[in-house]
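Participant: Sequence:
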Amino acid sequence: MAKRAAPEVNAGSMADIAFLLLIFFLVTTTIEKDKGILRSLPPIDDSEIEPPIIKQKNLFTVLLNRHDQLLVEEEEMDVKNLRQAAIDFLDNGGGENAEGETCTYCRGKKDPTSSDHP
1029 MAKRAAPEVN
1039 AGSMADIAFL
1049 LLIFFLVTTT
1059 IEKDKGILRS
1069 LPPIDDSEIE
1079 PPIIKQKNLF
1089 TVLLNRHDQL
1099 LVEEEEMDVK
1109 NLRQAAIDFL
1119 DNGGGENAEG
1129 ETCTYCRGKK
1139 DPTSSDHP
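Quick note on the numbering used here: the sequence shown kicks off at 1029 and runs consecutively.
What the hints contain is simulated information worked out from the structure, not anything from laboratory work.
We put the CB at the ideal spot given by N, CA and C, even for glycine.
Be careful, since some hints might not be right.
Straight-line C-alpha distance at most 20 Å; calculated SDA-like pairs for lysine to any residue [unchecked claim]:
1. Lys1138 with Leu1087
2. Lys1083 with Val1100
3. Lys1138 with Asp1119
4. Lys1108 with Asp1096
5. Lys1138 with Glu1127
6. Lys1085 with Asp1116
7. Lys1138 with Ile1115
8. Lys1083 with Leu1118
9. Lys1083 with Lys1108
10. Lys1137 with Leu1110
11. Lys1138 with Gln1112
12. Lys1137 with Gln1112
13. Lys1137 with Phe1117
14. Lys1137 with Arg1111
15. Lys1138 with Gln1084
16. Lys1137 with Ala1113
17. Lys1108 with Gln1097
18. Lys1137 with Leu1087
19. Lys1085 with Leu1118
20. Lys1137 with Asn1086
21. Lys1138 with Phe1117
22. Lys1083 with Asp1119
23. Lys1138 with Lys1108
24. Lys1085 with Glu1101
25. Lys1085 with Asp1096
26. Lys1138 with Asp1116
27. Lys1085 with Ile1115
Cβ-Cβ distance ranges computed for the label pairs, FRET-style [stated by the list, open to error]:
28. Asp1139 with Leu1091: 20 to 26 Å
29. Met1105 with Glu1060: 56 to 62 Å
30. Leu1110 with Pro1079: 44 to 50 Å
31. Asp1119 with Leu1098: 16 to 22 Å
32. Glu1104 with Lys1137: 18 to 24 Å
33. Glu1036 with Glu1060: 32 to 38 Å
34. Ala1043 with Ile1072: 51 to 57 Å
35. Glu1104 with Ile1082: 24 to 30 Å
Start from the sequences and build out the full structure, keeping to the hints where you can.
Facilitator: So this is what it looks like as structure tokens:
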């Protein structure tokens, strides 16, 4: 008996088929887009809005240097006392409303050089 030759598969055509399948799936696959929230934004206001006027007495200044020393309202202060100093500054109640009445719920000293309203 004569030896039969084993059938061979052409590897070149397998690569062609693989690329054709890849292209087929890329073309036929649909990728849905996220729609998100349909919202119309208000138009941009071109007019210049003036920033509010901030009084210097309503600013609580805390400075820290590289040696971890605090300078609070131009006075040296320990970190332990900073919390109470901020509370005293904010809870001053020294300001007045439109009718000229002072704050009724503040328990501060009502110092006119400290902050107006909490």
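Participant: Against this structure, judge whether each hint is valid.
Facilitator: Here is how each hint holds up against the structure:
For the hint linking Lys1138 to Leu1087, the alpha-carbon distance of about 16 Å falls within 20 Å, and the restraint holds. With a CA separation close to 18 Å, the supplied pair Lys1083 and Val1100 stays within the 20 Å bound. Between Lys1138 and Asp1119, the direct Cα distance comes to roughly 9 Å. Compliance with the 20 Å bound is thereby established for this hinted pair. Using a Cα cut-off of 20 Å, the hinted pair Lys1108 and Asp1096 holds, with the two alpha carbons roughly 13 Å apart.
The hinted pair formed by Lys1138 and Glu1127 meets the criterion: a straight-line CA distance of about 17 Å does not exceed 20 Å. A distance of roughly 13 Å separates the Cα atoms of Lys1085 and Asp1116; the hinted pair therefore holds under the 20 Å criterion. Note on Lys1138 and Ile1115: the hinted pairing holds, with a Cα-Cα distance of about 13 Å set against a maximum of 20 Å. Proximity of Lys1083 to Leu1118 is assessed by CA-CA distance (about 14 Å); at most 20 Å being required, the pair is judged to hold.
Annotation: proposed proximity of Lys1083 to Lys1108 is violated, straight-line Cα distance about 27 Å (limit 20 Å). With a C-alpha separation of about 18 Å, the suggested pair Lys1137 and Leu1110 falls inside the 20 Å cut-off, and the hint holds. Under the criterion of a C-alpha separation no larger than 20 Å, the hint pairing Lys1138 with Gln1112 is consistent with the structure, at around 16 Å. For the suggested pair Lys1137 and Gln1112, the alpha carbons sit about 14 Å apart, so the restraint of at most 20 Å is met.
A hinted pair counts as satisfied when its Cα atoms are at most 20 Å apart, and Lys1137 with Phe1117 qualifies at roughly 9 Å. Note on Lys1137 and Arg1111: the hinted pairing holds, with a Cα-Cα distance of about 17 Å set against a maximum of 20 Å. For the suggested pair Lys1138 and Gln1084, the alpha carbons sit about 16 Å apart, so the restraint of at most 20 Å is met. Under the criterion of a C-alpha separation no larger than 20 Å, the hint pairing Lys1137 with Ala1113 is consistent with the structure, at around 13 Å.
Of the supplied pair hints, the one linking Lys1108 and Gln1097 holds, its CA atoms being roughly 12 Å apart against a limit of 20 Å. A hinted pair counts as satisfied when its Cα atoms are at most 20 Å apart, and Lys1137 with Leu1087 qualifies at roughly 17 Å. As the CA atoms of Lys1085 and Leu1118 are separated by approximately 11 Å, the hinted pair is consistent with the 20 Å bound. For the proposed pair Lys1137 and Asn1086, the alpha carbon gap of about 15 Å is at most 20 Å, so the pair holds.
In summary, the hint linking Lys1138 to Phe1117 is supported, as the alpha carbons are separated by about 10 Å, within the 20 Å threshold. Distance restraint check for Lys1083 and Asp1119: the Cα-Cα separation of roughly 16 Å lies within the 20 Å cut-off, and the hinted pair is therefore satisfied. For the hint linking Lys1138 to Lys1108, the alpha-carbon distance of about 24 Å lies beyond 20 Å, and the restraint is violated. For a cut-off of 20 Å, the pair hint linking Lys1085 to Glu1101 stands: about 10 Å separates their Cα positions.
Straight-line distance between C-alpha atoms of Lys1085 and Asp1096 comes to about 25 Å, which puts the hinted pair past the 20 Å bound. Our distance criterion of 20 Å between C-alpha atoms is met by Lys1138 and Asp1116, whose separation comes to about 10 Å. With a C-alpha separation of about 15 Å, the suggested pairing of Lys1085 with Ile1115 holds against the 20 Å cut-off. In this structure the supplied range 20 to 26 Å holds for Asp1139 paired with Leu1091, their Cβ-Cβ distance being about 21 Å.
Restraint check, Met1105 to Glu1060: a C-beta distance of roughly 60 Å satisfies the suggested window 56 to 62 Å. Taking 44 to 50 Å as the suggested C-beta distance range, the pair Leu1110 and Pro1079 does not conform, at roughly 28 Å. A hinted range of 16 to 22 Å holds for the C-beta pair Asp1119 and Leu1098, which are about 20 Å apart. Between Glu1104 and Lys1137, the C-beta spacing of about 21 Å keeps the proposed range 18 to 24 Å intact.
Checked against the hint of 32 to 38 Å, the pair Glu1036 and Glu1060 fails, with Cβ atoms roughly 44 Å apart. Evaluation of the 51 to 57 Å hint for Ala1043 and Ile1072 yields a pass: the beta carbon distance comes to about 55 Å. Between Glu1104 and Ile1082 the beta carbons are some 25 Å apart, a value that agrees with the proposed interval 24 to 30 Å.
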